[in-house]
Amino acid sequence: MMATPFLTLENLQVTFEIRRPGSWPWTPPRQLHAVNGVSLDLAAGECLGIVGESGSGKSTLARAIIGTVPTSGGKIRFEGKDLAEMEPGERRAHRRDVQMIFQDPLAALNPRMTVGEIIAEPLVTHFPKTPRAEVKQRVAKLMERVGLLPNLINRYPHEFSGGQCQRIGIARALILEPKLVICDEPVSALDVSVQAQVINLLMELQRDMGLSMIFIAHDLSVVKHISDRIGVMYLGRIMEEGDADRLTTRPEHPYTQALISSVPIPDPKLEKARPREVIVGELPSPMNPPSGCVFRTRCRKAQASCAGERPKMITIPGEDHKVACPFHEAEALLEVTA
Amino acid sequence: MYPDKTKMESLAEATNLAEVKGRSLWSDARTRFARNKAAVGGLVVLIAILLFALLGSFFQAWTYEAIDWKLMGRVAQIGGPSVENGHYFGADELGRDLYARVVQGTGISIMVGVVGSLVAVIVGTLYGATAGFFGGRIDNIMMRTVDVLMSIPFMFVLILMLVIWGRSITMLFVGIGLISWLDMARIVRGQTLTIKNKEFVEAAIAVGVSPFTIILRHIVPNLLGIVVVYATLLIPGLIMAESFISFLGLGVQEPMTSLGALIQAGSKQMLYGAWWQIAFPLFFFLATLFAFTFVGDGLRDALDPKDR
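Protein sequence lines, in the order shown, are assigned to chains Z and V.
Sequential numbering of the first sequence, starting at 1, is according to the numbering used here.
Sequential numbering of the second sequence, starting at 1001, is according to the numbering used here.
In isolation and in its complexed conformation, chain V is listed as follows (with noise of 0.2 Å):
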């Protein structure tokens, strides 16, 4: 009646021998996105944007700075997309080849977005965590920081700043970095402050680890959830940002250009009837700010299940 013994011993050989692997909560995170249909619809658009900024200048038929002599002065007439001449997308209104351009625009344009919630979560997260584990004065201290560098009408100064240093990609990169940390700090800030009362914090605490360890073992796993879901909320923002100030000529320089400035330039053409002029470039505009934002909702429902 009673079992084997050598295999019952085998069976407890094998069970000490397989390591069960542990579902992290990433991982029942990552499951819970790939069931949000909304949200993998956004990130396959998103890959597909990305690829078309990537690789997009591989197909392109013109440079995205050639001007087409053949279609000058009469761009509304014939420059309108056609494959036969290469211009995929029409030409602007000096010929440019707008496939060429709008692969460009919108390489910058994410990568402003990207760039720039970078620099928030990295500067963010690490200030906010900081400020908010120390608590006390340091606190203090740095939230009110934080209050006046928020307080300073941000898109005045970026517009100063690209004034008086001139405009260029970087000075775009150094004003958005600059302020995009802000609301990151923030929140992240006041996230810490629930985290630090766990209970696993004050082990760690009184195990002896040290501050800053605690801080980037224990307090900034438990709040990138947040972050990575506000991350790429941020991003559509950013781009938004940049499109405002090169809508209004002063982002990048030509002939480079962004999803801003061709949406500009496009729109003075509307009434000339050259359609494709400001359709392209929008359309990707919007892609990317909802897909962007679709995968941000995603990723929220999927890292907190519990706050929806």
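Here chain Z stands alone, though its shape is the one from the complex (with noise of 0.2 Å):
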């Protein structure tokens, strides 16, 4: 069913501490728990969507992928090694290997550089003796590449539009040739024209240089248009994960199957017509989650026993699919219309 494993995710926590302002040094911090006990597989040359509201510890997920975070436990293994074992040397290379694209495509670029600059930094920082003719060759190879005219290689962040500074990001990305690329949020804050050629643009990339991505977005039919398999965040853990097509047709987990009802169809008729389940109430306090399942005190299918034990992954037989929910059940939803 799975291919070799490229990066798999084990148990993995993440935990900031959150110290109340004007506390003695010595009184215990409290603990935030942003991912708590993720375990996720991604094989070469797969797309793994990660979906999830806002708060659920996506971007931290991210984060400690790419290790501008601290995990606090856990083991995330790249190619086989052990990210936390790694030599210096090591870390490195697979810095080399890792890259990333944001969010705000304005705000991830530095304003008092040039494009050219910009897009040439991993290079330059990781081969820093390469010629300089041939960097910017190859800064104005990838400009082309990402539908960037090369000629604009002088020109500054601010004179680019939204859509023109993630080609900026995503050329960014990809210089060193990377062998994963994670994308947190790469489109929530485009308009859905410039969306749509964004992602466009990702899996043509994707497809030709053979990478593997992790693909962060709020965004379902987004997600689930660029991705392979999804995974579904709710407080810092995976609630259901599995082929992306079988997810967003027969979601088994009540969070993904009230997160697909809330996706619009773009005909009246439908979307009047159909039973929608709307999730009340806002996200619990990662500080302070709920015991058992986390997502129970919004769930219309909780019981009693969901306040107790963590809810284990359920493999649904026959298929790339896991949920953590005992009451899991298929439901025929209309389909999330990419």
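Note that these hints are calculated values from the structure, not bench results.
Straight-line alpha carbon distances no greater than 27 Å define the calculated DSS-like cross-link-like pairs of lysine-lysine that follow: (1) Lys179/Z - Lys141/Z; (2) Lys136/Z - Lys179/Z; (3) Lys129/Z - Lys141/Z; (4) Lys179/Z - Lys1198/V; (5) Lys272/Z - Lys301/Z; (6) Lys1070/V - Lys1268/V; (7) Lys312/Z - Lys75/Z; (8) Lys1021/V - Lys136/Z; (9) Lys1021/V - Lys141/Z.
From a predicted model like this one, the values you see are computed outputs, not experimental measurements.
Put the two chains together into one complex, using the hints given.
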């Protein structure tokens, strides 16, 4: 079922320590579990989509994988090697193989640097001896590849539109020819027509360069369009994961079902006719998550037993589909339109 | 109907060849600064004063230490400004040429301001950016050190230093350099805290750029605007501090002088009607201060248009 594991997360934990302002240095800080026991596999050349509402820990998960946020438990294995046990040299090489595309296209570019300098930065950092002419040539080639005119190489980020800025961000992520690209909500700041362009560009690049990709978004229709597999996150945990088509057409977890029913259908008749499940309330505080199943406070199927133990991942027999709910049942929903 | 293919190709080639020059935030700021009349006026005055301090000595008839014995004792009566005897600005109470002394004093005063603010820019920026970027315990230790240094009454210490190690220009520079960077370090640290959470810094960390390079390449250029503004506005403050010390009689040593020392000497002679002895140094003092302040204000408006 699974190809060779390219990236494996085992029970990954990321905890932030929150100190109350003005507290004594020796009072223990409160723990915020941003990512709480996530296990995922990613095969080479595959695109894994991660969805979840704001504050569910998607971005923290991404930052843990690229290593800008320290993990507090669990393992990240990249091509079989544990990230925590890497030597500094290996770690540097790993940095080369994993790149990230950010949410806010303009904020991710240094306003004082030209586009050429921005795109070349990873190259210059990892291969400082590359001759200038070659750097420039590679930058120009890549700019063309992502749909930017190479003669704009000396322009500054504020002279570009949001979509163009995101293309610059993509070019910067690709210049080292990485193996894994993590996209942290790369299109949520763009308008819909530009979203489509950027997503199609990403898909094209993924296919041509054989990239593995982790694509984070809160918009299920976008994720479905680009991903091979999808993981649904809620309050730092994976609720359901599986093949993208199966998960979006036959979701088993009540949270996924609610998420899918909240995606509007661009046909008013169908949209009015279909049953709606609306999740009420807000995400509980990750400082003080509910016991047992974290979704139980907002779940329509919640029962007394949900408060007890943390639900196990149940594999649906014969399918690439796992769900963390003992009361899971398939529900035929109208298909998500991409 | 279709466009000529060769024409299209040549057009494509032309657009390919011509690299478009980008408009950096700096060039934008330059345009905004040029539109601000008060700031440009200030800059013109400032350049004029700088030229005066640098080149004024070529036009002097007397050196700043030579005493015109003919005027001795009768300075108030015949020592006024005159072109004939070469004392364009008159003479001081000892009969020394005031023009030469104002040239020399302006130079010293501006140098104190510029050196002090250079120290502030270099030390303060690096110190503040380092503290802000690393955060945590390093930040705490570094900034508490600044707090402690700041709580020392600097004027008092400076006067003590001048008394103990003797009055000299070097001592003055050391003293002013020691305190001028403290405020700058605080400002820069605060600014760094906001910049380091921007995504482009995170992107650089993710790429694997070393912390020191991040500070120099990503953080410092983005806070340079604030630094430049603050440095320009710091110069008048330092000139005033130097003038105050000189006014107390502790600054530069005779026969060298500074604007503060000249004003102090001139204020004593006002009683005897020697108005020129205070008027000329005071004019240059005020003109310098105003010019720096206007330029600083103009730079602030030009460099962060959002914060007005």
